[in-house]
Structures are given as C-alpha cells and as structure tokens.
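Novice: Read off the chains here:
Protein chains: 6
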Amino acid sequence: HFEKALSEAEIVFGSQDDELNSFVRGNLVEWGSEFSKLKKTCTELVTQVQRSEKTKLMSVLFEGSSGSGKTALAAQLALESKFPYIKIISPEKYLGHSETSKCVAITKVFDDAYKSPLSLVILDDIERLLEYVPINKRFSNAVLQTIMVCIKRAPPYENRRLMVFGTTSSPDVLSEMTLKDIFNVNIKIPLLTQSKHVLKVLSTVDEKVSTQDLESIASVCPRPIGIKQLLMLIEMAHVSDKQMTSKRFEECVQNYGLQSKNSF
Amino acid sequence: HFEKALSEAEIVFGSQDDELNSFVRGNLVEWGSEFSKLKKTCTELVTQVQRSEKTKLMSVLFEGSSGSGKTALAAQLALESKFPYIKIISPEKYLGHSETSKCVAITKVFDDAYKSPLSLVILDDIERLLEYVPINKRFSNAVLQTIMVCIKRAPPYENRRLMVFGTTSSPDVLSEMTLKDIFNVNIKIPLLTQSKHVLKVLSTVDEKVSTQDLESIASVCPRPIGIKQLLMLIEMAHVSDKQMTSKRFEECVQNYGLQSKNSF
Amino acid sequence: HFEKALSEAEIVFGSQDDELNSFVRGNLVEWGSEFSKLKKTCTELVTQVQRSEKTKLMSVLFEGSSGSGKTALAAQLALESKFPYIKIISPEKYLGHSETSKCVAITKVFDDAYKSPLSLVILDDIERLLEYVPINKRFSNAVLQTIMVCIKRAPPYENRRLMVFGTTSSPDVLSEMTLKDIFNVNIKIPLLTQSKHVLKVLSTVDEKVSTQDLESIASVCPRPIGIKQLLMLIEMAHVSDKQMTSKRFEECVQNYGLQSKNSF
Amino acid sequence: HFEKALSEAEIVFGSQDDELNSFVRGNLVEWGSEFSKLKKTCTELVTQVQRSEKTKLMSVLFEGSSGSGKTALAAQLALESKFPYIKIISPEKYLGHSETSKCVAITKVFDDAYKSPLSLVILDDIERLLEYVPINKRFSNAVLQTIMVCIKRAPPYENRRLMVFGTTSSPDVLSEMTLKDIFNVNIKIPLLTQSKHVLKVLSTVDEKVSTQDLESIASVCPRPIGIKQLLMLIEMAHVSDKQMTSKRFEECVQNYGLQSKNSF
Amino acid sequence: HFEKALSEAEIVFGSQDDELNSFVRGNLVEWGSEFSKLKKTCTELVTQVQRSEKTKLMSVLFEGSSGSGKTALAAQLALESKFPYIKIISPEKYLGHSETSKCVAITKVFDDAYKSPLSLVILDDIERLLEYVPINKRFSNAVLQTIMVCIKRAPPYENRRLMVFGTTSSPDVLSEMTLKDIFNVNIKIPLLTQSKHVLKVLSTVDEKVSTQDLESIASVCPRPIGIKQLLMLIEMAHVSDKQMTSKRFEECVQNYGLQSKNSF
Amino acid sequence: HFEKALSEAEIVFGSQDDELNSFVRGNLVEWGSEFSKLKKTCTELVTQVQRSEKTKLMSVLFEGSSGSGKTALAAQLALESKFPYIKIISPEKYLGHSETSKCVAITKVFDDAYKSPLSLVILDDIERLLEYVPINKRFSNAVLQTIMVCIKRAPPYENRRLMVFGTTSSPDVLSEMTLKDIFNVNIKIPLLTQSKHVLKVLSTVDEKVSTQDLESIASVCPRPIGIKQLLMLIEMAHVSDKQMTSKRFEECVQNYGLQSKNSF
Ligand SMILES: Nc1ncnc2c1ncn2[C@@H]1O[C@H](COP(=O)(O)OP(=O)(O)OP(=O)(O)O)[C@@H](O)[C@H]1O
Ligand SMILES: Nc1ncnc2c1ncn2[C@@H]1O[C@H](COP(=O)(O)OP(=O)(O)OP(=O)(O)O)[C@@H](O)[C@H]1O
Ligand SMILES: Nc1ncnc2c1ncn2[C@@H]1O[C@H](COP(=O)(O)OP(=O)(O)OP(=O)(O)O)[C@@H](O)[C@H]1O
Ligand SMILES: Nc1ncnc2c1ncn2[C@@H]1O[C@H](COP(=O)(O)OP(=O)(O)OP(=O)(O)O)[C@@H](O)[C@H]1O
Ligand SMILES: Nc1ncnc2c1ncn2[C@@H]1O[C@H](COP(=O)(O)OP(=O)(O)OP(=O)(O)O)[C@@H](O)[C@H]1O
Ligand SMILES: Nc1ncnc2c1ncn2[C@@H]1O[C@H](COP(=O)(O)OP(=O)(O)OP(=O)(O)O)[C@@H](O)[C@H]1O
Ligand SMILES: [Mg+2]
Ligand SMILES: [Mg+2]
Ligand SMILES: [Mg+2]
Ligand SMILES: [Mg+2]
Ligand SMILES: [Mg+2]
Ligand SMILES: [Mg+2]
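First to last, the sequence lines map onto chains X, P, V, H, R and U. Start counting the first sequence at 1; every next residue gets the next number (our numbering). Start counting the second sequence at 1; every next residue gets the next number (our numbering). Start counting the third sequence at 1; every next residue gets the next number (our numbering). Start counting the fourth sequence at 1; every next residue gets the next number (our numbering). Start counting the fifth sequence at 1; every next residue gets the next number (our numbering). Start counting the sixth sequence at 1; every next residue gets the next number (our numbering).
Honestly, I wouldn't trust all of these hints.
Stated by the list, open to error - Taking lysine-lysine pairs in the DSSO-like style, the calculated list, with each CA pair at most 27 Å apart, reads:
#, chain 1, residue 1, chain 2, residue 2
1, R, Lys152, U, Lys108
2, X, Lys228, P, Lys39
3, V, Lys188, H, Lys152
Quick caveat, the hints were computed from the structure, so don't treat them as lab data. Small disclaimer: the values here were computed from a predicted structure and weren't measured.
Pulled out of the complex, with its shape left as it was, chain X reads as follows (with noise of 0.2 Å):
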C-alpha cells in the first residue's frame, strides 16, 4: 500500500516528453565554450548509438557539482535523440520502494528498453538511487549490482541498441565501487568559474536591467557556483519588487548563508 500511496505523484506527466521537461524546466542557456563543446559531443555520441550497427551498447556517465545541471543536460539529450523509448530512472520515483523492488524496476526498465530497436535510460542522481551516506559509506549493494549488471550487458537481441546516461555529484564514490569504469565515456560538468559566465545567464533572465548593473551584479556574485544556485539567487534578490542591485544581491548572499554552500 506503500507503493500505492506514492504511485499518485507519478501519473503526474501526461507524456515522456512532458517529464523530461520538467527537469530542464525551459531552454539552456549556453554559458560559455566548455559548456557548448560538451554538448556537442555528447550529441556526436547519440549519433553513433543512431548509426553504427556496431554499437550495441553506449554508457555516459555525466559528473559534476551539485547544481552544476547535469540532470537538465542528460534530459535535453534526450529530448533531442527522438529516440523511441526513453526512460529517466530518478530516486524520486522509488521513494519509500524495498530495496528488492528498486532492483525489480530498474531490471524492468532494461529488459523494455531491449525491445525497442534504439532505447536511451537515463540513471538519474545514481548515488542517491544507492541511497548512499558518507557515514560508514553506507548503500544499497544489491541496487548496486543490479546497475552495474545492466549498464554492462549489451541487448540479448539482434538489432537492438542502448543507450545510458548516469548523472553523479560523487564520481569518486562511484570509482570506489567500481561503478565509475563499467561506463564507456565520462563528461565532465563544469560550474562557472567567470564572470562573463554570470553575466550571460543574468542577461538571458532578467531583460529589464541595465548591462553596467548587470556586470557589477556578476562581478560580485560568489564563484565557483552552479547554474542551479545562480538562478535561485537571482530569485532572491527579485523579490522585493524593486529592481535587483548588487547590494542586495550581496545581502542576499550573506543573510542566507550562502558563502557556505558546498558549491561556492
């Protein structure tokens, strides 16, 4: 009845489509070169999946920072692989499942994916569907083997070709299982480290300010910082509904303990 209880949450979306955009939640916005040249590999290597016969099985693993976008990048991908079947394995979808019935539905959503002839399965915040804590590293091993299993094992079935996404702020965790090498291909996910960087998101948010307040508001936004963090900063210091100063912009910054983030 658990399982029930939760299952309301689900029917939420009306397509695939619809669910994969509610974790870009708009357009990208294209912050620098790094971030671009990534982008187009990643789609170079959806073409390959698409093309060579060869390619029975194709593994990403997308490492980065919390808030670095990875989640909104592997969804956008695959928005735009067309693909026939996509399915996004997130941690929010097994909330309160066993341990048992996590592996049963991950399996389910492998064993699906070797019926379509071009399938791409996103794992989601994998060590989050470990439910894994730092302390004493404790996790789920058998959702863990059961991954690592799927992710190695090419379609039993002629003509059939899979494509994996994995998104993960702890690559280091995921080397210490083993997990991290099992994928084919690491992309790398970086924060923004420059000002012209936060600058360009700033423009592309908020039309309405001047370029000479948007550039001192970037110069004194804290760096490193991920794209997730910037955007609910910029919320913060919207709200007053005056216009946004890099005063406030800095008040907002120290009021809420934000120098602190992990991803500062």
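Go by the hints and put chains P, V, H, R and U with the ligands onto chain X.
Specialist: Frame of chain X, contents of chains P, V, H, R and U with the ligands only:
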C-alpha cells in the same frame, strides 16, 4: 496496535494552530538585535515563496544549540505565514513507528502538500527523526533518504509552491550526511551571550522584581545560555515562594549541576 | 508466551508502595552531610513540580557508582512525594521483552502519566534498559530514542505535570548518546569516602558491638565503598555466629576477592 | 523439532544429583593448600546464605584457566549444600536453541528458583552460554542482558534466598562486559604449579606405581598444568599395557603436541 | 515473480552454442604471441581432462584487467571443446535472484554436470557473482562458500570428469578470500602493450584504410589498452562517415575522458 | 526443497566404507619417516579410546597446508579403526543448508554417536564448515558454538566412548576462535620438503619411467609441495602420450602459474 495506542496523544490538539502554539508557548521575546534581524530575514523568505511564481521550492535549515529556540521560531513563522497547508513533522508523532511507516508518513505529508497552492512543512529535530546517535554514528538511512528526496523535489504539479523548514542542533552531522547542502538557505540561531540579553528576558518574565535586582541576577547568570535553559532556571529560582535573588539563582545553578550542561 | 511466563514475577507486589519499598529496603541511613544535602535538594525539585504551574516537565538524572544507592534514593523520594501516579520502569520488568515491546511498554507508561495531574516516572538503571554493553558499544537504539523523546516531551494536555527520575552508573555513556543533556538536572550520588561515614552505617546496622570495635572495623574497611557493598560485607563478616571483629572483616575482603571490585 | 531432537540427551540423568555427579566424576583430590583453603571459603558462603535472613542473594564467580576444575568444584559444592532447588545452566543443554529460547529457559530457571526457600543456580561456562568468540568479539547480547538482570535481582518474594555460581575461563571478557562486577564474590581457581601438586594427583590415581617412579614422572610433567590436562595425560601414558614411566610420559607430551596447549 | 519477470531475457538464445557465441562476438584476433601461447596452453588442459582418467576435476582461473578478453576466451575454448555439457554461470542470469536462490542455481549447475561424462562450467566475472564491492569489502559469503565447495569437490560418481573455468579482474580480492588458491591452474590474460598489437587488431577490423594510416593511428593509441576498449575506440572514431584518421582517434580519447579509464 | 535437490549427491555411496574410500583414493604412500611416525602415533590414540574405559572422549586436530593429505589420513585411520559408528561431517554435505539446519545436522551426528559403544566423527575442513573468510573475518558463529560444545561434551551415557578427528589448514584462525585449545591433541601434517620424498611418490605412481629419469624430475620439482599438488602435476606432465621428462615437468609448473601457489 502499537501505533493505535500511540495515536491517543495525537488527537489532543483541536486545530493546526493549537499544535503550532504548543511549540511556541506564549510570545517570543525579542531578546537581542541578532534575533530580531534573523526573524525579519526569515519573514522575507516566506514572502518570496508567497509571491514569486518561479520559486516552486524553498528549503530553510535552522541550526543552533539545544534550547536556543529553533522549534519555537519555526512554529511562530508558520503561524504568521497563514499558508493554507502547514504540517509539523516532529519526532514525538512517530514514537514507536517502524522505519518504514515513518517513511510512509513523511512522504504522505509532502504528497498532501503538493495538493495545496501554498504549503509549509516543518521537519523538527531532524537528528531525532533520523534516530541519530553519535555512538557508531547510527541512524535510519531510510528516513534520511526519504527526507533528502522530499526536500529536493519541487512540486510536480503546476501552480504549487512548497516551503520547508528544518531544525537541528547537530548541523555538522547533517553536513556529513550531505543533507545540509540540500537546503537552499541556512539560518544560525544564536545563544544569549550578553547580560543585557538575559536582562531582557528576566524583565519580560518577572515583572515584580526591581530592575536593580534583575541586573544583579543577570550578571551572575552563566553565559552563553539557551533561552530554554534560562526560562527553566528562572522557574527553579522562583519556587520557594520568596522573591528571587541572585544568591538563590546561583545556588540553583550549582545544586542542579547546571554548569556542566552543554549549552552553558 | 515468553512474556506471559514472565508476568508471574510481576504480580508479586500488592501495591505501588510495596514495589517502591522493595527497592528501598528499610530506612535510608543519612551517612554524611553530602548525602543529606542532596536529598534535600531533590525534595525541593519535587515541591517545584507540585506547586509551579509553569513547570510542566522536570527530569532529574541520578548518577553514581554501582551500589552507591541511586535506586534506593529515587524510590524513597517517590514514596515521599505522594504523587497520584508513580511508575518505576526497571530492567527486570522487561526481561525477555523484544525491543519493540519494550518501547511500547515505556511509551504506555508515559502516555498514562499524562492522564494524571501529577505523575512521576523512574527510569531505573538506564544502561541496562538500553541493553548497553561496552564491547563494540552495543545497545538498543530504539529504546534510547523512545526514552529521549519521552523525557523531552512535555505533557500535551492542560494542567498536567510530569517528573522523571533516571538512574545510571555510566553517565559518560549516556553523555556520548546525547541522552544526559536532555535531563534538566544532574545529581551526583557519592560513595562513602571517610571512615566516619562507614562508622555511621555500622552503628546503625549493628547495635550490639561496642563503639571501639566499630571504630577499628571502620578503619580497616576499604574506601571509597558503596553503601551496597558495605552492607554485604557486614553480612558476610557476621555469618560465623561470633561477634564481628576487624580481623574477620579484613579476611572477608581478601577471601572474597573484594579489593578488585570497581567500587573500592 | 530441533529442540525436540535435542531433548533426548537431556533425559539421560535420573536425578539432579546424578547430573551434578557427572560434572564432578569421582572425588575431588585436594592437591594443595590453596585449593583446600578456597574450598573452605566457598563452603562458608553457602552457610551464610543458609543462615542469614538478610542475605537474599549471593553470587559467586569461579574464574580459572581451562581445565582448572571450576565446573567440578561448583558441582561438588552444590551437591554438599543440600539446597532443595539446584539447577545447572550449561551450554550443552541449549545446543541449537535460538537466542530467544535460551533467554526464556534461563529466566525460567530463576523464576522457579524464587519459589524455593533456598536455591542454587550454576551458570557454567558463561562465555560459551554467551556464544562468545574473540574474533570481532561476537556474543549474544540478549543472553548477556538476561544473565545480568537475573543475577542482580533479589528474589521478589518474602523468605526466599538465592545463591548463584558462575564459572568462566575468560574473566577479562566478562569484566569488559561489566558482568564480572555484578557478582558479589570472585574466587580464583589456580593451576597446579608445583611438582608436589602433580605428585599428589598421581599417587591418588595410580596406586600401583612406586613412589620413586611417580616422583620422576612428576618432575618431567610440564607446569603449570590444569587438573583436567593432567588426568588426560596420565590416561594416555597408561595405554600401552605396560607400567607408566617418565619416558613414556614425556613422549606423550611431545607426540600429541601438548606443549603448546595454553594451559601449560 | 521477480525471477519470472527476469526469465524473459534468458530464453533469448536458441542453443548453448548461440549463448557462447554471444560472449565471443565474431572471431578472436590473435593479436600477439603471448595471446597465442596461452590459448594453446589452455587447449592442452582441455585435452588432459578429455583423455586422462585420473583427472576427475580440473579448475582454471583466467585473470586480467577489465576488457582484456577473459570472457571471450573462456567461451571460445568451451565452444572448441565440444564437451557434451557446457554451462556458463554469468551475473546477468542471476539479476535480482536472492542470495539463496543464486546458491541453489549454482549448485544445480554442478549437480547436473556430474551426470555428464565430460562437462565444463564457466563461472564468469566471479566478483560480480559474489556482488563484491571494495567499500567495506562487502560480498555474498553464501555464494562464495558455495563456489569454493563446488570447485573443490570432484564428481562423486564413477567415470565423470569436470572442467571449471573462472574469470576475474580482481585476482587479489579472490586471493584474500582464499578462493584463488583452490583453482588448480592460473592463467593471466595480458593487455595490448605494443603498437604492433594494436596494428594487428586495426588491420583485421578495418580493411579499407591504408597500412600507413593504420600505423599512424596505432602509434597514437594509448597503451596498454584492453581489446574491448580498443574496439570501442575504433567504433567511435569511425562514426562521422569519413575515413578514420589519427587526429580523429586522438580527439575521441580526449573528449570522452578515456585517458583516465583504468585499463589505459 | 533446496536440501532435497542436494540430497541426490549424497545417496551416491553404497556404504560408509565407500564414502571414506572416496576421500582416501587408493593407498597412502608412506613418503617419509615424519609421515610414518605420525601415522603410528594416531593409531595409538585410536587404540587408547578402544581400550581405556576412562577415556570417554578423545579429540584430535590434524593441521597442515592445503593439499598436505589431512583428509585422506583421517579417512584412512577411520577405515582402519573398525569402529561400529563412523561419520564424516564434510562441507559438501551441507551445501546450501541454512546455518540452523547445519547445526541441527551436526548435533544429530553427535547424538547418534552417543548411542554406539565406540564411535568416531570426522569434522573435515573445519574453516569451510564454519564458512570462514579472511575478509572481515566472517564465519558462522552458530556452527562454531555447536562444534565447540559437541567436542567438549563427553557422552552422557555409561559405557560410551567417542573419538573426534578435525582437519584444518588454518590452525591460527581456529586458535583465535578458542576452538583449537578444546582439542585434546594436535597433529601437524608436513609437506614434502626433500627430493627423496618426491622420488618416493614418483616411483610409486609411475612404474614405467627409469629411476634416473625420476631422479632428474624429482630434482626440478618445486618444494615444499603438498602431496595433492604433486599428484596433479604428475598427471599434467603425463598428458601428451609421450613419456614424462623433467623438461615437460618444468614447463607445466610455469605455464600453469603453479609457482605462485601457496603450497609451494
Ligand atoms: N544550461 C542551463 N541553462 C539554463 N538553466 C539551466 C541550465 N542547466 C540547468 N539549468 C537549470 O538549473 C536547474 C537545476 O539544474 P540540474 O537539476 O540539472 O542540476 P544538477 O547538476 O542535476 O543538480 P543536482 O546535483 O542537485 O542533481 C534545472 O532545473 C534547470 O532549469
Ligand atoms: N524568543 C523567545 N522568547 C521567549 N520564549 C522563547 C523564545 N524562544 C523559545 N522560547 C521558549 O523556549 C522553549 C524552548 O525552545 P525551543 O523548544 O524552541 O528550543 P529548541 O532550540 O527547539 O530546543 P531543542 O534543541 O531542545 O529542540 C519554547 O517552548 C518557548 O516557550
Ligand atoms: N542511604 C542508605 N542507607 C541505608 N541503606 C541504603 C542506603 N542507600 C542504599 N541502601 C541500601 O543499599 C541497597 C543497594 O542500593 P541501590 O540498589 O539503591 O544502589 P544502586 O546505586 O542503585 O546500585 P546499582 O548501581 O547496582 O543499581 C538498597 O537495597 C538499600 O537497602
Ligand atoms: N580437584 C580435583 N580432583 C580430581 N579431579 C578433578 C578435580 N577437579 C577437576 N577434576 C576432574 O577434572 C575434570 C575436568 O575439570 P572441570 O571440567 O571441572 O574443569 P573446568 O575448569 O571446568 O574446565 P573447562 O574450562 O574446560 O570447563 C572433571 O571432570 C573432574 O573429574
Ligand atoms: N582476441 C580477441 N579478438 C577479437 N575480439 C576480441 C578478442 N578478445 C575479446 N574480444 C572482443 O572484446 C569483447 C569484450 O571482451 P570480453 O568481454 O571477453 O572481455 P573481459 O576481459 O571479459 O572484460 P570484463 O572484465 O569487462 O568482463 C568481446 O565481446 C569480443 O568481441
Ligand atoms: N600419503 C599419501 N599417499 C598417496 N596419496 C595421498 C596421500 N595423502 C593424500 N593423498 C592423495 O591426495 C589427495 C588429496 O589429499 P587430501 O584431500 O587428503 O589433502 P588435504 O590436506 O585434505 O587437502 P585440503 O586442504 O585441500 O583439504 C587425496 O585424494 C589422496 O588421493
Ligand atoms: Mg540532478
Ligand atoms: Mg526543538
Ligand atoms: Mg540501581
Ligand atoms: Mg567447565
Ligand atoms: Mg568478462
Ligand atoms: Mg581436506
């Protein structure tokens, strides 16, 4: 039947506000400028959630020593917010619940919250909810994972906004669990460090004593001290029918072994 | 059926007072001024709960070496309080209970207490209730969490006041569990450190021996010593029909390996 | 059904005395003055329980190397006490019992003991009852807690007196478990350290060998040695029909790898 | 039902040979003399089991880095052996099986093997079968013990001979488990260490590219490299329709984060 | 049903002697004087149990490297003893049994033994019976405790005598478990350390090769070596139809990775 037996205690409160009031117990004394400033900051955050459509999720962690007034402040802010859906998840409600049924209950509170346009959930005494104990660093990982997913997930419905308050007196433990970083905002609740803070509380509570007497009491009061311990000390010093004196006050500190309390 | 089998032993006592008396066993000897003073302090706390309407909850921890007389003192204070509801939660009552049924039972004692205007609960031998053992620091976290929540929660009803006594001979362990800090008051029960303390006990127990003999016995008695061990030693020294002598007393200490007892 | 299967072995003994005798096996040799003195001390304690009305509970721990004769002495004292209720709790009786059913059984022995005016319970080989193993210091905490509570609790009825004997060859482990301190009295059983001790045993067991031969055997016997190992060695040296010689005795020590035995 | 759900994937293969072929995928390239020599050695061992009546049991462990070609070699040898009973025990077959049902299944494979005069069992990816993870060195001891007993026990019937192949990329872990020593023979599978090894593979796979181009590609290929990683790299470098060049080859190594792969 | 499935393998042997013979496999070669002497010592112990009425229980532990011939020797001695009740408890019999059912089975073997006037129980490969693994020193404590009690308890009936043989290649582990000390006698089985030992085995097994050739083979054989590894090596060297030479012998050692085997 255990859970049935326990439910007796739960039906005590007539309304949501009654329950919240039981955590505040009377008016909060504004004993110093730090306290007043942080209360204002919190009120602003509540306003942001209320107004900004982009802020679908805002989570705030109140950290401070035991007895510093975290629970009372969170409850007071909730009362003032007038949000249509307010729920407090506190350890005493889950006395004797199994790990699983605790997870179910917590998930249900959040699922219900998504149905209200504006909702506020208080996770009180998080380390107690996790059944954390420093010896061998034991705790319920299932509850931790449930909380981590719940406070990271924005409402999956349109036009729903969720505010989450958490309280803890062990922020370092939460940080080691990677739970602290998931909160968007951190607010630190201070202890009373100056004798004028103590005096403010004394003069509000005990109107019959002369200012001079109160000052001499305030000067002997061990510091820093939590508002909770100070109020208890005042009650003890009062008991012998006679007027409270600084000698009686000091005696209580000693006889009851209060110097060694960790909040002094 | 295990619990049924055990219940036999429980129905032994006719009334609540009979049970409490069985923990006191006769009158408490006031063997020194430290003991007399702390007994008075405790009585004052009982009076505070009885009279002050603000004090809804008062918890007191008695800590002291094994055999120092903690349980006897707590039971004696309870007897003298004349509170309408008095309950002693002691390890022998829960022999063979499962962790869960122990938690249920403890919770029930507190739930019942909330129904009485004035109630007193004794948690005797807390480390035994927790099934604590120093090897690998094992203990029942479920029982610990139940106790922590129960002694922190004020009665949720109007006009109810609750007093809690706890006894422990491992205060450092309780401190490491963050349980000790939850108690409002700490009382330390001392051992008998001076020969005049021993003499006071000897003269109360053994009226037939001459004062000079008692003095010579008191001078050879190993110190510090717990009241419990002293009373046992006196019984042993008595057994051979003849009058007790200091030689016989010393012999007992040696033959029975009592020097190495941790309370000496 | 496991327990049923095992019960066969239990119905072997006709009476309580038969069972006790099986642990003594013949008369105890008084092989030295230490042994004689401690046996007398123990007899006095039995008398105290028998006579002193105040001594409701007396617990004695026999500690000594493996094979030093602890079980035999405890059983012999029990036989001589003539108490109406005598019960031996030994590991072989609980072979294959679950932790819980072991706790039930132990509790029942004590509950039954309270019904007799004078009773004696032997807890034989306590570390084996606890299923203790030094690797990772594993043991049954449930059994430990049951034992700790049972030997601390005085009979809850009027006019009942209880004596408890425990035996152990790992007193340090019991001490680390805080179990050793709960016993009122500690008795240390020594090994045979002098050649005259060995001679005493040899001359009692083997009457046909000349005194001179026995002396030369005694002089080659490795020491210190437990009475149990000595008796086994004598049996081995005897086997070849011929008279036992010191050469044959030494050969046995070597061929059978007995030098390395921990009791030598 | 979990196991039922999974069985779908298992019925994929029409015959035993089909399944083995799926692990080989095409012909094995003899890329160097080390490889050719060890393949010959293995073939001799197969012949010994086939011919020598005394050799009732022969177990061979293939160890090598991830992607070195262990599974493919074991499967190829099995195909060539033409033994009447061949079975591959691989982790993907036991996805989601409980520990116990895995043990049952493994035992059954061996029990069935005893019924055939000549049989061959492959234990593929042993650390995965054991669900081994380096963090806290967790694994299924039940599966380990089952495997240890199965590969040590000769067929209990007359005229039965059994060959066992194991593959592992963590020989040190297996050694620490005392599992490695139970195998009669150890075969180490090397990585490709010289550019002529790479060239041999390139020229077999890609017949259209000129020898000179292949040589320049071989010279930029990171080494040592596993055959599996090399084949994947070639596929990636091919994807853009155009002819593969050494520049494109190097780009792939960098963009896809392949330098850090543990097999390079 | 798992246990049913497994029982198939057990019904293989027609008689007790058939089973024992399967562990001996042919005649034992007396390859050196150490071996001959210790076999004689063991035979004497068997005789002692047969004849001495006082020796109700005799336990002997055979320790030696893996492949040194422990199991074969124990089985051979059992065959020669002609005791009416002989039982071998070996790991392969308990494949897949639960911990509990293993304990039941072991206890039953001993209970049955008590019913025979003379009985002999072999506990083969004790660390495997305990499912011991060095990683984190895991093992079944339930099985260990059962074994410890069973081999310490003399038959509870009159006129019954019991002999116990244990074999182990990890005596240090058994010692750490305090299991080794419970055995009355320790016998160490040596490896073959001299070339004349190897020669003795070669000449017994291979009668067609000239003495000179055997000598040159013996001289290249790695030493010390277990009898089991030596016999396997001879089989391998034989396989190619041609006569065995020292060159072929050395090749086998190298190709099969046998130098690194722990028994060399
Ligand atoms: N390039 C981008 N341009 C604009 N918005 C972005 C971009 N990348 C991410 N976002 C926004 O930031 C939000 C948070 O990013 P996302 O959840 O993908 O980060 P993450 O790295 O997965 O974080 P976490 O480690 O917490 O899971 C997304 O909902 C999306 O709206
Ligand atoms: N600012 C304040 N003015 C007056 N009373 C206060 C104030 N803050 C807290 N209190 C009182 O102190 C009591 C205890 O404070 P509270 O329970 O909120 O502290 P806490 O930090 O949550 O403690 P804990 O760590 O033990 O949970 C409250 O019941 C309330 O009555
Ligand atoms: N002040 C006293 N005067 C006379 N007897 C006392 C006194 N205090 C304790 N006793 C006696 O000593 C006995 C043992 O004391 P008690 O059980 O209270 O000690 P404790 O500190 O609780 O020991 P433990 O740590 O073993 O639980 C009591 O039964 C009581 O009869
Ligand atoms: N004083 C004695 N005189 C003669 N025989 C003795 C004496 N003490 C013990 N024995 C004999 O030695 C045997 C073994 O001694 P016992 O079992 O009591 O030793 P233990 O210290 O309990 O050993 P363990 O530590 O192995 O339990 C007894 O069966 C008994 O026959
Ligand atoms: N000698 C070879 N020639 C050509 N292809 C090979 C050769 N060896 C292996 N391969 C190919 O490489 C692929 C992967 O190799 P394989 O799975 O056997 O490696 P592995 O060592 O078992 O890797 P893992 O450690 O990941 O299990 C095989 O599917 C096969 O097609
Ligand atoms: N003295 C011997 N002469 C001839 N063959 C022997 C001798 N000892 C052992 N063997 C042979 O060696 C084989 C293996 O020996 P055995 O299984 O007894 O060794 P082990 O020490 O028990 O090994 P493990 O530690 O692996 O259990 C036996 O099947 C037997 O045929
Ligand atoms: Mg994410
Ligand atoms: Mg609080
Ligand atoms: Mg007490
Ligand atoms: Mg004993
Ligand atoms: Mg493989
Ligand atoms: Mg063996």
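Novice: All hints, please: hold or fail.
Specialist: Here is how each hint holds up against the structure:
Between lysine 152/R and lysine 108/U the CA atoms are separated by roughly 26 Å; this keeps the pair inside 27 Å, and the hint holds. The straight-line distance between the Cα atoms of lysine 228/X and lysine 39/P is roughly 26 Å, inside the 27 Å bound, and the hint therefore holds. Distance check on the hinted pair: lysine 188/V and lysine 152/H sit about 22 Å apart at the alpha-carbon level, within 27 Å; holds.
Taken one by one, the earlier hints all hold for this structure without exception.
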